[in-house]
Amino acid sequence: MFYQSTRSDRRVTDTAAILEGIAPDGGLYIDPSLSDRPFDWKGCLALSPLGMAEAILSHLLPGFADMGGLVRRAYDGKFDSDELTPLMQVGDDYVLELFHGPTAAFKDVALSMLPQLVTAARVQEGVKDKIVILTATSGDTGKAALEGFHDVEGTGILVFYPDAGVSPVQKAQMVTQVGANVKVCAVRGNFDDCQTGVKRAFAALKGDALPAGCRLSSANSINIGRLAPQVVYYFIAYAALLRRGAIRMGEAVDYVVPTGNFGDILAGYFAKLMGLPVGTLVCASNANRVLTDFLETGVYDKRRDFLKTASPSMDILVSSNLERLLFLASGGDTALVADCMKKLGSEGVYRFPEEAMARIREDFAAGCCGEEDCLRTIGRVWREQGYLCDTHTAVAMQVAQEYKAARPEGRKTVVLSTASPYKFPAAVLKAIGGDLSGDEFEQMERLAAIAKVPVPRGLQGLRERPVLHTDVIGADELVDYVARQLG
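Residues 1 to 487 in this note's numbering are what the sequence shown spells out, letter by letter.
It cannot be assumed that every hint is accurate.
What the hints assert, rightly or not - Calculated pairs, DSS-like style, for lysine-lysine (alpha carbon to alpha carbon, straight line, at most 27 Å): (1) 452 with 78; (2) 128 with 42; (3) 342 with 302; (4) 302 with 343; (5) 343 with 308; (6) 343 with 206; (7) 78 with 130; (8) 130 with 42; (9) 430 with 308; (10) 308 with 183; (11) 78 with 206; (12) 183 with 206; (13) 342 with 42; (14) 342 with 206; (15) 183 with 128.
Said to hold, decoys possible - Restraint ranges, calculated between C-beta atoms of paired labels, are given here: (16) 305 with 43: 47 to 55 Å; (17) 472 with 372: 27 to 35 Å; (18) 250 with 348: 17 to 25 Å; (19) 347 with 468: 17 to 25 Å; (20) 385 with 353: 29 to 37 Å; (21) 153 with 466: 18 to 26 Å; (22) 438 with 466: 18 to 26 Å; (23) 384 with 129: 36 to 44 Å; (24) 252 with 1: 25 to 33 Å; (25) 251 with 38: 27 to 35 Å.
Since the hints were made in silico from the structure, they are not lab data. These numbers come from a predicted model, not from an experiment. All residues carry an ideal CB built from backbone N, CA and C; glycine is no exception.
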């Protein structure tokens with residue numbers, strides 16, 4: 001089976017796609033036959049979470065020889081729930097908690113798996129080169145990638161985060177990271193600057209520009225190996241609803257997903273293409289509503305003010321994974337996708353054909369939640385349900401309420417909860433009327449006392465850990481910085 005670039009007819013094996021991360025033409029790898037290949041989705045639902053992961057990943061990435069072993073090494077003993085991503089009922093809705101991994105964010109589900117895939121692909125492809133992972137992060141991907149790749153033989157990892165664009169807790173998680181093969185660097189700019197710089201590094205540093213014995217790959221969701229494991233938790237949620245008698249087999253379920261880079265919600269679409277009865281995938285944006293505007297108008301326009309919000313992992317104006325949806329919705333029209341991406345880079349805007357937008361809207365809806373509504377939602381859910389959610393989950397919960405109000409006879413709804421509230425203690429305390437004195441580490445402990453839920457293991461003791469990474473660069477220095485580190 002082959003994966004194809006979204007921008008050309010370049011095709012490679014699944015193992016090669018994971019090692020490359022991004023295609024040489026700048027496109028993202030995708031399986032163009034996903035909806036045509038049969039998958040026993042009903043049988044999959046009867047499996048354990050690890051069994052589901054093995055079955056789903058074996059279907060998406062059939063070139064790997066021992067997927068069961070890779071899955072066990074990725075997840076056994078690393079999550080504080082046997083379900084990996086437990087489903088909680090909150091009022092009339094359901095919340096899928098994706099933050100029970102080692103870094104308390106949804107990225108753990110994928111980034112516990114990706115190092116296993118990279119190392120296995122390296123062996124199967126007969127690659128002797130060191131694989132250096134370049135990663136841009138808006139807050140959560142960086143730590144999860146560092147946690148997964150640190151001290152993994154045959155790899156190195158460089159993580160770039162926006163200076164002053166992540167929460168203090170997120171920053172502390174990254175700059176205290178140990179490991180002989182890791183490097184973390186702040187970028188004076190926003191996440192889009194980091195992401196653009198990483199893509200430029202991939203374009204510039206190849207062939208003779210790379211040191212001998214070295215090649216680049218990515219831990220961002222531009223890498224299909226990062227995206228594929230995220231499909232699993234849509235099946236986990238559906239199976240949990242079945243066990244509780246909340247739905248019947250085959251009944252469609254709507255999913256509301258807080259998203260900035262579009263990977264988390266696109267994984268739900270992959271699950272639907274594999275047969276899972278996914279109803280509508282609702283894209284929940286924060287005040288940086290570029291995705292909501294695109295889904296409503298068909299025009300993607302990044303020429304707008306970049307807003308720093310209380311949900312920083314969604315503060316994104318250039319959504320990389322949307323490119324894969326454009327490929328699928330256009331029937332694999334690589335010329336159209338390449339032209340849209342070229343216009344986005346040169347003009348900052350493109351319009352997608354209305355016929356293709358109509359196909360997208362059959363499966364996707366959108367809504368947004370501003371700063372005040374986000375904090376009000378955290379407070380309301382805490383007061384009414386005794387459930388504490390973070391700022392990203394609150395965006396999705398508010399959008400879910402508005403979406404359901406417009407469809408009073410709607411389907412069961414699952415909100416994807418992407419991070420622990422303890423990663424954003426100042427905003428959450430403010431929302432519930434708590435004491436905001438002290439730094440974020442004191443606030444975290446205060447929040448735990450209020451909620452009577454322990455601080456996740458991965459966040460405990462952060463304040464006492466030594467800072468190991470202090471580099472700060474300008475956005476235009478990123479490619480040169482990578483070159484120096486590789487040298």
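Against the structure, the hints come out as follows:
For the proposed pair residue 452 and residue 78, the alpha carbon gap of about 23 Å is at most 27 Å, so the pair holds. A C-alpha spacing of about 40 Å is found between residue 128 and residue 42, which places the hinted pair above 27 Å, so the restraint is violated. Between residue 342 and residue 302, the direct Cα distance comes to roughly 13 Å. Compliance with the 27 Å bound is thereby established for this hinted pair. At most 27 Å may separate the alpha-carbon atoms for a hinted pair to count; residue 302 and residue 343 meet this at roughly 11 Å.
The suggested pairing of residue 343 with residue 308 holds, with an alpha-carbon distance near 25 Å, which does not exceed 27 Å. Taking the CA atoms of residue 343 and residue 206, the gap is near 24 Å; set against the 27 Å cutoff, the hint holds. In summary, the hint linking residue 78 to residue 130 is supported, as the alpha carbons are separated by about 26 Å, within the 27 Å threshold. With a CA separation close to 40 Å, the supplied pair residue 130 and residue 42 exceeds the 27 Å bound.
Restraint check for residue 430 and residue 308: the C-alpha separation of about 17 Å stays at or below 27 Å, so the hint holds. Proposed proximity of residue 308 and residue 183 is supported: the alpha carbons are some 25 Å apart, at most 27 Å. Among the hinted pairs, residue 78 with residue 206 is inconsistent with the structure: their alpha-carbon atoms are about 35 Å apart, more than 27 Å. Between residue 183 and residue 206, the direct Cα distance comes to roughly 20 Å. Compliance with the 27 Å bound is thereby established for this hinted pair.
Of the supplied pair hints, the one linking residue 342 and residue 42 is violated, its CA atoms being roughly 41 Å apart against a limit of 27 Å. Between residue 342 and residue 206 the CA atoms are separated by roughly 21 Å; this keeps the pair inside 27 Å, and the hint holds. This hinted pair checks out: residue 183 and residue 128 have alpha carbons roughly 22 Å apart, not beyond 27 Å. Distance hint for residue 305 and residue 43: a CB-CB separation of about 49 Å, consistent with the stated range 47 to 55 Å.
Checking the proposed 27 to 35 Å range against residue 472 and residue 372 shows it holds: the Cβ atoms sit about 32 Å from each other. Checked against the hint of 17 to 25 Å, the pair residue 250 and residue 348 fails, with Cβ atoms roughly 43 Å apart. Evaluation of the 17 to 25 Å hint for residue 347 and residue 468 yields a failure: the beta carbon distance comes to about 41 Å. At about 43 Å, the beta-carbon gap between residue 385 and residue 353 misses the expected band of 29 to 37 Å.
Between residue 153 and residue 466 the beta carbon distance is about 25 Å. The supplied range of 18 to 26 Å therefore holds. Between residue 438 and residue 466 the CB atoms are about 21 Å apart, so this pair conforms to the stated range of 18 to 26 Å. At roughly 55 Å, the beta-carbon separation of residue 384 and residue 129 lies outside the given 36 to 44 Å, and the hint is violated. Remark: the range hint 25 to 33 Å for residue 252 to residue 1 is upheld by a beta-carbon distance near 28 Å.
Look at residue 251 against residue 38: about 21 Å separates their beta carbons, and that is not inside 27 to 35 Å.
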